[in-house]
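Undergrad: Chain A is fixed; fit chains B, C, D and E onto it per the hints.
Below are the chains, spelled out letter by letter.
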Amino acid sequence: MLHFADFLMSIFRRASVPPGSPPGTLAPTQGADVEPELILARYNRDQLEEKRLHGKEVSWTAAEPGMMTWADLRGFGDGSVLTKLGEEFGLHQLTVSDIANLGQRPKVEDYANGIFVVMRAVELDQDQRLTWSQVSMFFDSNDVLTFQDKPRSWLDSLRSRLHSGRKVIRESRADYLACMVMDSVVDSYFPMLEHYSDRLEEHEECILAEHFDDDLLGELYLTKRDLAAFRRSVWPLREALAHLSREPDDVLSASAKMYLRDTMDHLMQVIDVLESYRELASSLVDVYLSLVGQRTNEIMRVLTIVATVFIPLTFVAGIYGMNFDTSAATNLPELGWRYGYIFFWILCLVMTGGLMLLFRRLGWLGGKQQAK
Amino acid sequence: MLHFADFLMSIFRRASVPPGSPPGTLAPTQGADVEPELILARYNRDQLEEKRLHGKEVSWTAAEPGMMTWADLRGFGDGSVLTKLGEEFGLHQLTVSDIANLGQRPKVEDYANGIFVVMRAVELDQDQRLTWSQVSMFFDSNDVLTFQDKPRSWLDSLRSRLHSGRKVIRESRADYLACMVMDSVVDSYFPMLEHYSDRLEEHEECILAEHFDDDLLGELYLTKRDLAAFRRSVWPLREALAHLSREPDDVLSASAKMYLRDTMDHLMQVIDVLESYRELASSLVDVYLSLVGQRTNEIMRVLTIVATVFIPLTFVAGIYGMNFDTSAATNLPELGWRYGYIFFWILCLVMTGGLMLLFRRLGWLGGKQQAK
Amino acid sequence: MLHFADFLMSIFRRASVPPGSPPGTLAPTQGADVEPELILARYNRDQLEEKRLHGKEVSWTAAEPGMMTWADLRGFGDGSVLTKLGEEFGLHQLTVSDIANLGQRPKVEDYANGIFVVMRAVELDQDQRLTWSQVSMFFDSNDVLTFQDKPRSWLDSLRSRLHSGRKVIRESRADYLACMVMDSVVDSYFPMLEHYSDRLEEHEECILAEHFDDDLLGELYLTKRDLAAFRRSVWPLREALAHLSREPDDVLSASAKMYLRDTMDHLMQVIDVLESYRELASSLVDVYLSLVGQRTNEIMRVLTIVATVFIPLTFVAGIYGMNFDTSAATNLPELGWRYGYIFFWILCLVMTGGLMLLFRRLGWLGGKQQAK
Amino acid sequence: MLHFADFLMSIFRRASVPPGSPPGTLAPTQGADVEPELILARYNRDQLEEKRLHGKEVSWTAAEPGMMTWADLRGFGDGSVLTKLGEEFGLHQLTVSDIANLGQRPKVEDYANGIFVVMRAVELDQDQRLTWSQVSMFFDSNDVLTFQDKPRSWLDSLRSRLHSGRKVIRESRADYLACMVMDSVVDSYFPMLEHYSDRLEEHEECILAEHFDDDLLGELYLTKRDLAAFRRSVWPLREALAHLSREPDDVLSASAKMYLRDTMDHLMQVIDVLESYRELASSLVDVYLSLVGQRTNEIMRVLTIVATVFIPLTFVAGIYGMNFDTSAATNLPELGWRYGYIFFWILCLVMTGGLMLLFRRLGWLGGKQQAK
Amino acid sequence: MLHFADFLMSIFRRASVPPGSPPGTLAPTQGADVEPELILARYNRDQLEEKRLHGKEVSWTAAEPGMMTWADLRGFGDGSVLTKLGEEFGLHQLTVSDIANLGQRPKVEDYANGIFVVMRAVELDQDQRLTWSQVSMFFDSNDVLTFQDKPRSWLDSLRSRLHSGRKVIRESRADYLACMVMDSVVDSYFPMLEHYSDRLEEHEECILAEHFDDDLLGELYLTKRDLAAFRRSVWPLREALAHLSREPDDVLSASAKMYLRDTMDHLMQVIDVLESYRELASSLVDVYLSLVGQRTNEIMRVLTIVATVFIPLTFVAGIYGMNFDTSAATNLPELGWRYGYIFFWILCLVMTGGLMLLFRRLGWLGGKQQAK
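So the sequence lines, in the order shown, correspond to chains A, B, C, D and E. Heads up: take any position in the first sequence, counting from 1, add 12, and you land on this note's numbering. Heads up: take any position in the second sequence, counting from 1, add 12, and you land on this note's numbering. Heads up: take any position in the third sequence, counting from 1, add 12, and you land on this note's numbering. Heads up: take any position in the fourth sequence, counting from 1, add 12, and you land on this note's numbering. Heads up: take any position in the fifth sequence, counting from 1, add 12, and you land on this note's numbering.
Just chain A, same shape as in the assembly:
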């Protein structure tokens, strides 16, 4: 069960910066206690060199011509490394504060010297809880800068593709790498979809088999809530990527755009599936409610049949339990009849039979048999 506070984190930036602060104030809420680590990779078709710089070691040297750069910063510390990098690349103060103040909305922004992208990746932590993380990226045709609040594993497979020799990734310019980073973010959504697919399948089975459970409703609600939060993270990304795909070719090369289009196809699929799941979850709640209503109906029918049959019979038995003075001939003469008891039973059977006929006409007995 996702805690409410975590849920809010996924859609709402708790005001880390007090209202009234000037824009661009740098007050990272997460990543501040993580020592910054910069993984600096320089590569071209033939060469690849990778350095890992920690904390104050981080310094920047211009790349040799023809070398692409991927600088992956993890953890922001006191923000000084981030600021240094930002100055190096001429990032606006607002951009730097967007990187540090987590919880931004996914977006793409064009700058004179490159493109800035904010995305939200998702991972399952060791307790199988979903954790969202903000990934910021700045890239131009030669450099890709990625920023995360702490070391995470989801870019590792991309790094290993970079290492593994002459592949498209090594032969292309930096904008291809940037597209691959975005593709990795979108790929991180698929395991989550499977996670919810399993949950929904479980819920559906429970409900259709009418194995109700007190917590089922609460869990369906939490699933719906999570899907809503998921959707809020994914939709703005779609707008952002669509914006990116309309960039002129000198900013984003035609071949990179082809890969971007592939990423957008995947994202559209994620959105399609999410919408289907939301619809499904709502339908399941309706079915659940309907089945509960139907069961209440069946329970009431059983109660009504039993009560309607036996309450009058009990009244009859009550009558013959009365203590009127039978010495007066008008008082309870049945008690003195030779076959009074048999008469009583016949009366009971006639009453019961009549009610049964009535119930059959109302269609209640058929229903009871169905319910078995």
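Be a bit skeptical, because a hint or two may be false.
Remember, identical chains collapse to one label, so a pair may be satisfied in a single copy or spanning two.
[To be verified] The calculated lysine-lysine pairs, modelled on DSBU-like cross-linking and capped at a C-alpha distance of 35 Å, are:
no. : residue 1 : residue 2
1   : K68       : K96
2   : K179      : K162
3   : K96       : K179
4   : K63       : K119
5   : K269      : K179
6   : K96       : K63
7   : K68       : K119
8   : K63       : K162
9   : K269      : K96
10  : K119      : K162
Derived from the structure by calculation, the hints contain no laboratory data. Everything numeric in this text was worked out from a predicted model, so none of it was measured.
TA: Here is chains B, C, D and E on its own, set in the frame of chain A:
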């Protein structure tokens, strides 16, 4: 009843390729165990030759000038045949992987040398279950390449039209054939609409005749779920065809566009009907719930009438069954009355009559008669 | 009550042509058994001649210059007359098949030589059932061709306006006549709106007066269903007319467009009213459900009050009906009391009074009085 | 309570003209029995002359140069005055029929010589019922013609501003006056919003204080219905005014457009408030239903607690009221026990106590206390 | 709990000006009893002078070249100060009346000499109630005029930034200051979001823990209502800011637009969170209702089980309490049996056992255990 896993397949590509793989990775999930078969038809107004090549036999030779080509590949095997065909036509690696990795979203993509279309056809299998299949197509003005994961029958009628001599199909260029393939896909939706029409008619009859059934709700839910999945497959196709119809005339000839417009009309009709069905299914659920609520109300009314009448009467009978010492004149004097029993019955009748009057004013008795 | 099959007919073209047939296949489902009748009117400001040709008599002669032509074909027979007319006017094979295969979506299509319009008119038949019919029209500036599957009366008033001498209709070109045909189609919707207005008013009165009826829900559902089907027929017509109004002036003259705008105003009104009715019908269902829920609540309250009062009282009476051996002083001493019976009644009154106070505090008694 | 027929009038033009009539037929349904009155005001910065012409007196003389004209026609009589005015200003026959046939949709139409506007004003009549009226207006830069079906008071304040000397209204051209007429129409909506605000506040108070009332649901429904009708009248006006604000400056002067923008701001506010009210009304219905459901739940709980406690007790009392022959030692030995009655009471207390513990664990007793 | 009247104030301008008044009438409803105070700040990079003028002291002197001006007017008094300021800056009469007549919709209007913005800020007052206030602003590249109906604290932090020396704010032109004012307004929404986040978390906890409360529904309703009102204030601001961001660069400098974009990002986040909250609140109502329905079902099951078991048993006990004359051998022979009482108990056990088996098959007993 469509299984959940099948349902998911129809809207969700289970990650056949592990996240982090480079885009364009070729890992066909279906069609991998099917030996590739290529049906290669070459035709013009006067001639038609057709070859069936299996597995490794598949090779490609350029067509004679003036001959149209229809290459229909069924089954992907290890992907080598697909890759070979792709190279022959200069297909991008991403396009080839879209063909092989089933579960794509319907789409149209323009390439310099032709148009690539992904569609989803639907068939009833032998168990009357709906099975979706992905159909990919690449075409230029001389060639049509269609790709399916295994042999299916739904293109046979198109092939037989090609065989049956001098028809529009033989006299037109390849883009007409491509339009006919798309028309066949859309035509495959109509039997499915009839299938759901029958199901909904059945549900409607059950509900309006108040022949409720424990499974009715579950089945309505499944119908709604399937219609939602259907819709997800059809809407993107509409966008894709609309995109296609805006292509310039040199890519898609004006006469082919006229047939495409006809196909789009059919698709719009499918969508209209689907939306109507979805609305109808939702309304039926509402009616069902309302009728169950109404029935509960009726059952409660019967219970309340019976209980309200007989519980007080039983109390009265209980009173005269008490064993107070009647030698004291104040204790239960009624028991000693000569007409005590008759007094008791009169009391009962008066109470019953009073309650009946109350029920009539509350309008409950009329309701009970209606319910018969 | 509209039968489901009729309802479907109004939104769904049952596949009259088997899937896989080439487009343009002519297989009229209706109108095939009706002998074609062609009413051929030629007119200008001063002259009007009208001929009625049946079946094989139908032949076509070019009109004299300056004469407008209105050819109204009713019934399609084996399609040969339709085909002949189509060839005469150079209609595309797809257009001819759209005319013959009923159940098309309303649409407007531009051809080089004129404009093709498909509409859906509606009539009340002798059983006061609504029947939809497809009306196709092809027109250029001199000729109007209308096509119906059988003779219907709704164009008669237009014909009589044509006969009645020097009116706008006789002084204008053919595009004015075409606009009048479209206006007649839209006018055919108004009586239907009144029909539903009456039904809704009836439903509303029943519900607000709480005269519930077992069939009320079913009828409300059918009304909603019909309104949904109506809407599906009307919305595409709106798009079609909007498209028409954007035609350049040489295709549709400015004066004809002014009349078309008037027709569109009427259509917008039809759509507004339909949307209002749909909203109204949904609200009525909600009110109905709410009232049923409220009534169940009231019934339960009555039951609970009666049961809660009398069940404990019956228990007390049961106690004093027990047969413990009263020779032991500890056993049921009340039975031997001189005022035991009066004690019993006081006990009963106290219990009842206490419960009544409780009910008053719960606000249940006020509710009961309201319900009277 | 607004009658259904009035409600329909507000959204639906009952077919005053039989279907099939030529467009432009003049058959005023209202205003036909009202003798036409024309209030003809001619003014400029310095002068103002006003004439009231009745019925056949109405004649038209061209205004002196530099004089603005406001002609306010009230009542249409047999339509002859309207036709005369129409001819004077070169109004199209369709425009004239739009004026006379009430119940039009709000719209703006551009003509070569001016702009034609249809609006819907609203007034509270003496019974505090809302009555909609159609106001048509035609204006060019020198003349404003307004048309109403009968004399109404809502333009009086505008007239008095005209009379009261050198104000903006006297110094501006006629398009300013036209904007003021539109502003008056929009101003007429505000008192109605207050009316509904009061109704909703009343409903809200009733519901939140749980003072339910049998008619509350019906009244909420009527409020929702009226708001829906209101909305239908207001939305098209918004489109119409937006269209007007995009007119070129020579048709509508820049300064008049500034006032039009102010009117549109007011209209947007009306729409915002209406949407809020609709949402509010829907929420109130939901809260109402929820509270009724919750109350049913509480009632059931009370019933269940009482019945579950006393029905078993009554059974026990019944046992000891049985008449088995106690001379056999195995038959009802308890009856002969010295402390049999005390045993019975202990049994009752134990059973009640056990059930109370169960109820406490189920959380029912706390609920009952809450309900007090 | 927000009072209804306050709520309305937040979305609806009670007609402060009687309908029919000329537009531009100045009748401030709030701020009229507050003596106007003008805080006039003149600053550039090096200098800052600030004057506080009260009531009639307010006079205007042109700023020295190169000095920016921020004039913050608080309270409108009789409107004369406002009018004076308006004339000084050439504000249109309509603009001045928009400033004074509170309750305007957020908007941006372009004038020849500057830009006019209406916004709505929100504050928590001392009773933790949310109070909306209108903030109007007029700015050109040298001057910023802000207008509030009374002194409020939310611009203080901006003022202190201005005072605190050489910052961006002092080095930029007036449009930067205007953007900061807008940013402050948007920042004022975040504490409110936290307020609602806390409320929703509380509601969610109550509901998921099934700690129902009589007022919970009412409070959820009020939360939904407030969120709807919030949304109505925020959405138009979004449109307004988007409009502003499309201004040409000479009206709003490129660097100011970058800060505006940052403000819009924040606003989009506010809207995202609001939409999530609205969805969440609706889901919570549904879950609440479902849980109440489920509880009713459980209560009914308990009642039915108890009643169905004991009512027949009571009938049996009633039988053996009858007083038939047992001297006739056919009358109640059981009473005379030696083991009659044991026979009775066996009968009771068999009946109870049979019913328990039935309940188990119906799945009711499992449910009861769950409920514990």
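Undergrad: For each hint, tell me whether it holds in the structure or not.
TA: Going through the hints against the structure:
1. K68 x K96: within (11 Å within a copy, 53 Å between copies)
2. K179 x K162: both (28 Å within a copy, 32 Å between copies)
3. K96 x K179: Result: close both inside a copy and across copies, 32 Å intra and 20 Å inter.
4. K63 x K119: Classified as within; 30 Å inside a copy, 42 Å across copies.
5. K269 x K179: within (18 Å within a copy, 41 Å between copies)
6. K96 x K63: within (18 Å within a copy, 41 Å between copies)
7. K68 x K119: within (30 Å within a copy, 49 Å between copies)
8. K63 x K162: within (18 Å within a copy, 49 Å between copies)
9. K269 x K96: both (31 Å within a copy, 25 Å between copies)
10. K119 x K162: Result: close within a single copy only, 21 Å intra versus 38 Å inter.
Taken one by one, the earlier hints all hold for this structure without exception.
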